[in-house]
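There are 2 protein chains.
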Amino acid sequence: MRKKSLPLSDVYRLLEPGPVVLITTADKGRADIMTQSWHTMIDFEPPLIGCVISNRNFSFGPLMKTKECTINIPTVELSSAVAGCGNTSGRDTDKFKRFHLTPVAASRVKAPLIDECYASLECRVIDAKMAGKYNLFILKVLKAWIDPAQKNPKTLHHRGNGKFMVAGKTVTLRSRAK
Amino acid sequence: MRKKSLPLSDVYRLLEPGPVVLITTADKGRADIMTQSWHTMIDFEPPLIGCVISNRNFSFGPLMKTKECTINIPTVELSSAVAGCGNTSGRDTDKFKRFHLTPVAASRVKAPLIDECYASLECRVIDAKMAGKYNLFILKVLKAWIDPAQKNPKTLHHRGNGKFMVAGKTVTLRSRAK
Chain W
1 MRKKSLPLSD
11 VYRLLEPGPV
21 VLITTADKGR
31 ADIMTQSWHT
41 MIDFEPPLIG
51 CVISNRNFSF
61 GPLMKTKECT
71 INIPTVELSS
81 AVAGCGNTSG
91 RDTDKFKRFH
101 LTPVAASRVK
111 APLIDECYAS
121 LECRVIDAKM
131 AGKYNLFILK
141 VLKAWIDPAQ
151 KNPKTLHHRG
161 NGKFMVAGKT
171 VTLRSRAK
Chain C
1 MRKKSLPLSD
11 VYRLLEPGPV
21 VLITTADKGR
31 ADIMTQSWHT
41 MIDFEPPLIG
51 CVISNRNFSF
61 GPLMKTKECT
71 INIPTVELSS
81 AVAGCGNTSG
91 RDTDKFKRFH
101 LTPVAASRVK
111 APLIDECYAS
121 LECRVIDAKM
131 AGKYNLFILK
141 VLKAWIDPAQ
151 KNPKTLHHRG
161 NGKFMVAGKT
171 VTLRSRAK
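Chains W and C supply the protein sequences, listed in that same order.
Heads up: the first sequence at position 78 corresponds to 78 in the working numbering, and the numbers run straight through without jumps.
Heads up: the second sequence at position 47 corresponds to 47 in the working numbering, and the numbers run straight through without jumps.
Looking at chain W on its own, in the form it has when it is part of the complex:
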């Protein structure tokens, strides 16, 4: 595996910029992937994430049942897989095969990591009380991985209707924010 362990205290840096992510679930040995943009950090450490997965998505069932998933962050090189995973359903498609993505065993959850993504988070659902009303799950990150070779990853950020903003340059401001 090309990725190395990332301290949990650094996880917020990955999600705070708002990238499109690929979420995997696994049930009965069958793994699925969904493309997703509706997530937010909720706490730094342990890292808590608010994540919206609709009950219209195939992933909703496996997530409710297993209470586990992985969040993987793709870069622009994976654009066709990102769009493809969003256009198809796990009901009738093995997305790993169809979009040439490589599943890698996670350490703490049964859902696989996506090798081609530059970062991966192993997550457990710790609160599903808002799943009925808002499709909102509170996830706790148990383990984080990052590809140290990618210093300025060109993440994708969905602007609606197939338009994606590609991450531009990074600037440093006189900010005291964490």
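Bear in mind the hints are in silico, worked out from the structure with no lab data behind them.
Take the hints with a grain of salt, since some may be wrong.
Said to hold, decoys possible - The calculated lysine to aspartate or glutamate pairs, modelled on EDC-like cross-linking and capped at a C-alpha distance of 20 Å, are:
hint	chain 1	residue 1	chain 2	residue 2
1	C	Lys-133	W	Glu-45
2	W	Lys-169	C	Asp-10
3	C	Lys-140	C	Glu-45
4	W	Lys-129	C	Asp-43
5	W	Lys-163	C	Glu-77
6	C	Lys-129	W	Asp-10
7	W	Lys-133	C	Asp-115
8	C	Lys-163	W	Asp-43
9	W	Lys-163	C	Asp-43
10	C	Lys-163	W	Asp-10
11	C	Lys-169	W	Asp-10
12	C	Lys-133	W	Asp-27
13	C	Lys-133	W	Asp-43
14	W	Lys-133	C	Glu-45
Once you have looked at the hints, place chain C on chain W.
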């Protein structure tokens, strides 16, 4: 005002890319601004937003009391105000004055819009049940405004510790996503 009304069905396009936002509140005629990145869309229409405002922030009190705020999206030209609003507290600072931002009366809430931001959303707290445990508020957007002159806004996306990714180019993928 340079902004025009934006259909509520288009609001998700503004927040889904994950920009840093400036949130205003107002209590007893005193307006405050906070810099924030922890938000997610929760539903398309009416637009619902999950928004984390810590009880350590000055804005938490006014938001809990008035149940109203505005979410304003700045571009890179406002970098110093974005960093400044994050580095200071409404407890002892009038941030509109200090950072040369112009308050504009909103139509549905008492919190002011920020004229210099390219988009502004008037919001009401519809669910504060997660505010105690997760500092998480569910907001409903009542009215949305956008500056039609800014076609490809260079939004800011926080990567931690004062590093901000500036929105790059927009690409169109073969996506059937909304």
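- Any of the earlier hints contradicted here, and which numbers? 2, 5, 6, 7, 11 and 12
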